[in-house]
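A.B. asks: Protein chains in written order, with my numbering: chain A, 219 to 517; chain V, 408 to 812; chain L, 119 to 583.
Please keep in mind that the hints were generated in silico from the structure rather than gathered at the bench.
Take every hint as true, because none was put in to throw you off.
With a straight-line Cα cutoff of 30 Å, these simulated DSSO-like cross-link-like pairs (lysine-lysine) come out:
#1 L/Lys464 / V/Lys549
#2 L/Lys327 / L/Lys416
#3 A/Lys288 / L/Lys327
#4 L/Lys327 / L/Lys524
#5 L/Lys404 / L/Lys327
#6 L/Lys416 / V/Lys483
#7 A/Lys254 / V/Lys641
#8 L/Lys445 / A/Lys254
Derived CB-CB ranges, DEER-like:
#9 A/Leu360 / L/Glu293: 28 to 36 Å
#10 L/Asp304 / A/Leu360: 37 to 45 Å
#11 A/Lys434 / V/Val726: 22 to 30 Å
Because the structure is a prediction, the values reported are computed rather than measured.
Just so it is clear, CB atoms sit at the ideal spot from N, CA and C, and this is done for glycine as well.
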Amino acid sequence: MIGQRLFRWQHRYAPYLFTAPFVVTFAVFALYPMVKSLVLALFITSGPKSQVFVGLENFAFLFTDPSFFKAVQNTAIFTFFSVFLQLPVSLGLAILLNSKLVRLRNLFRFGFFSPYLMGQVFVAVLFSVIFAPRLGLLNQVLSRMALAASNTDWLGTAGLVMPALVLTSLWMYAGFNMVYFLAALQAVDRDLYDAAAVDGANAFQRFWHVTMPSIKPVAVFVVVLSTIGSFQLFELPYLMLQNTSGPEQAGLTVVMYLYQKGFESGDLGYASVVGWTLALGVLVISLVQMRLAGTWRKD
Amino acid sequence: MARRRLGIQIPLYAALGVALVLFLAPVVWLVACTVKDPDDLFHYTFFPPLGHLSTENFRKLVGSPYLGASEVRDWKALAARLVEAGGPGASGPGRKVWDRLGPAERDLCGRVAATGAIDPAGQAQLLDALNAAVARADLLAKEDLAGLALAGDIQALAARAAAGAGLAPAEVALLNRGVLEVVWPGEIAQGFRGIPFGRYMVNSLFVAGATVLIQMFFSSLGGFALAKYHFRFKAAIMIVMLGTMMIPGQVMLAPLYELIYRMGLADSHAGLIVPAMVSVFGMFLFRQSMLQIPDELLEAGRMDGCTEFGLYWNLALPVSRPMIGAFCLAGFMGNWNAFLWPQIILHSADLFTLPIGLNQMVGTYSQQYGIMMAGTLLAILPVMVLFLILQREFIAGLTAGAVKG
Amino acid sequence: MDRLGDWFPFGKAPLIILLLTVFAAGWLALHPVGRTEADLRLWTFADIHYYAYLKAVPSFEAAHPGTTVDVQFVHATAVTSRLRAAFWNDLDVPEMVEVEISSAGSFFRGPAEEVGFIDLTPRLQAEGLLDRMVKARFAPYTYHDRRTGRDYIFGLPHDVHPVCLAYRRDIFEAEGVRVEDIQTWDDFVRIGRRLTIPDKRYMADFSDKAGGGFEAALYQRDGGYFDSGGNCIMDDPTAIETLLWYVPLVAGPERIADDPGWGQAWSKAIEDGYLITWTCPDWRSKSAETQVPRMAGKMALMPLPAVRPGGRRTSSWGGTMLGITQKCRDQDLAWQLARHLYLDPKELAARFRELNILPALKDAWTHEAINEPRPYWSGQRIGTLYAQLAEDVPPQYTSPYIEFAKSKMADVVSAVAAWYDANGPRPDDAPDVAARKRAEFERVAAARLREGADEVRRLMRRNPF
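Chain A extracted, bound-state conformation:
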């Protein structure tokens, strides 16, 4: 039994001690770099010793740079299709899997979920080969079914890069989102279904009026999470396109633009500006999405 004074002391200071590791690490490895990069945003840098103060000129350049607009456009298109194709697919899979009539549910669940476990890097390596002209799986299958030429260069044709990326991300994340939906579906109160059945609702009406509202919080969560993740897309296109931004910059995303400007061209100040702009965009969109979802909830 420890002494009374020690006991009181540790009771009083426990919370500070418990959060100390976090605070220290956070201040050193997160706050300091963040603040430093804010300062950097006002400079053009080119190497360790070369720094020129330019004030807000980086921002001016940013908003007139066609490459940046291309990056924003690509990211927006990717986010839109990725999120809105995900929803029906993962929800559909969850609904199928939720049926009482299904055995081996765990097997199916793991099967759908496993792509997520591979991680963007390895998925990118795998799919860069799958999309390869002639040798790749997709071309081999499609040409046997006579749906596409066998040497379609998916990752080399400007118009096909984005569909390839969307497809890949759909493959990766559908199972992940499905798991959330599945849990949500299984948490729906059975009594609501019974009540609806008593009221004479058919299967579709039960789905629309009972299931959908019940899983809406999860759906919103999934949408917001997917959106934020899509905004930060980098490793998938970067590795699939072999460390480039693809034909006519078709695979250029905002984070890739940041990386290229900051770490391939050396302008860290400009990279900071892009980073902060991205952060702003993420914040705004998330707030908008949550507000929209919240507004619906009121009625």
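Add chains V and L to chain A, keeping to what the hints say.
C.D. replies: For chains V and L alone, coordinates are given in the frame of chain A:
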């Protein structure tokens, strides 16, 4: 009733089955690519017939010194060189190899040198004999190596052997094969030296494991404090945490790198682990799950003389186990697959984690699909296995936060 | 296991991870990394160079007792990013590093003293290397500092990489084509149109995505991305002319070229006769020898057709430089190693045998290894051919924005090629329609080039250094 059930079950299973096939097809193809001979990659979409399965890709990945069929550039020339090496008065490494060939193989060499035709069975026979020779520690004597311009790593091995140190079997084979490459450069292609795949895997294990364990400890401790205590800076901490969660990490890369360097941690595993020691996301997660712990329970504990840390250890942790499990698995997976930060921090090949190591292959060996796919398969296996075993925990933890929160 | 999981406060999953981590830590402790403190560290990004240098280093170490050299293989994309990171933060910069030609320029920013490499000009002049090596090959590694107006040479060129066309001799013979008849590109295109069978056989391997083929054409015409003063010339008349010539060969109904890619797809294309000729700088001839062994004796090389009769019959593709960084303490020793690796004729000859890479040092060209006939190439003395063309190789001027310019150009080429596919003149068009389409094509090409060049210039204007 049963029929109606069946009426729903069949299309249900059919739909799920089709979906599953679509989802698993790329992974199955991945596995298939790893067991196909490099020359067969074109001929079979998925798996080749059982007789054609080969482990050559895996062997090459780790730098197997033994010869594969695709590494013989010119069979006729090789056979001719062997015959030549067996001629009267010939000496040197070629002679030593010839001496180890059996009469059947010597005949084969003679025939191939004359006609140039050799069938797969003959190739296998000759390769086996060559590899058996290459595996022998007593194949070459010191004089055989004199005057040869050996590659640096081969020369190091030769030096060690000359000094009397015992070489491991793989090293013996590497040395002998390295010598043969120099003696017969036109006939034997330089082996893919392999990448230290085993080391990459262990590096990944260590870094991911250590990082996530430390994260788990600090985050759960901090989350406990945020959930169950009121103290002076609590609100400030939470606001700052919330704010920074929105900011993409890429903003911090360059200043953070400079900082890590000043601390002397660049190009080390510590440089990966230390900045990641606390996870803001984890803090929130644990706070969320620990909010549910009844305060009375904690008070009771205090009455009993339990220290605060004891409360954490004995009361809070067991309750949050699902969350901890999910967090650990997700964190492990995230760390295992991390690319950008390790790419910037790590310079020495011995420290690489799997994503960086594999990326190194992409540029130089991207056309050797088989080897790349072998590497990818091995790289994703640990995480897959871990999740297979711990599936239930993970899903439970994952959804506990989302569904209720 | 479940019981154990209950015992461990954190649960089953962390327990398993803990065990794995402890195992990993133990393994790492038992297999420590041997860090070498070498006097000279050399980074190289090409595995063929890496193996060649590993072989060459022991003799250097023997000649300079007590010195250690550590050659490190760093992945191509990583080497530029790591080098940059190292330069920025004054980190563990290697003493010597090989840099690829397309990224070398990106290091030449700011005042010349602050570029991470040392200026080699004094040493080059002292040994007369500017004349003893192909002069044009210094251009890509030369920095024209606008402030002082002077040129600084930061790299020793490894190679010349003259470009020939490799062709299937047997197909030429079967089709009655004589190599001597192909003197200019007009000849080539004419024969190409005759021999090309869409989707089955193409005359050339030019790509509609820029890259080596287009650049080679641009340089052959004395064009390029930048001029010797660092100005962007991507939209000058030469570039427009090259684009107008190039695009109808890779797009549209009368195309004669298709790019099959690399690796196995490429080998297959050559074996199947899908490509009759293909762009062959010296390094690629070795790729053919190793990756397409079945074509031994059927291939041969010819110089590039000239643009105008009597004109230049080669170009260049690819390149590597060796730089000595400012962090190198013993620069003389580093220079000795550079000379050993790049300027030793015996070494270079052996390397030619192994890699087919013609050295930039002209003294080495007389060595017998470079002039021996090659059975793969139908007995041709390919080294002699490359050496003959080497002096003619056009200079490639560089800039810190070279990478950006190259990617912009690639975009322009593929965009214009796509346009041409959709809107270009067709053989069955009426003459006035064809003329109109042709004029439109010229307009589009010029406009796109100017857009790309303007973006590059915009970026250049932003540079305060």
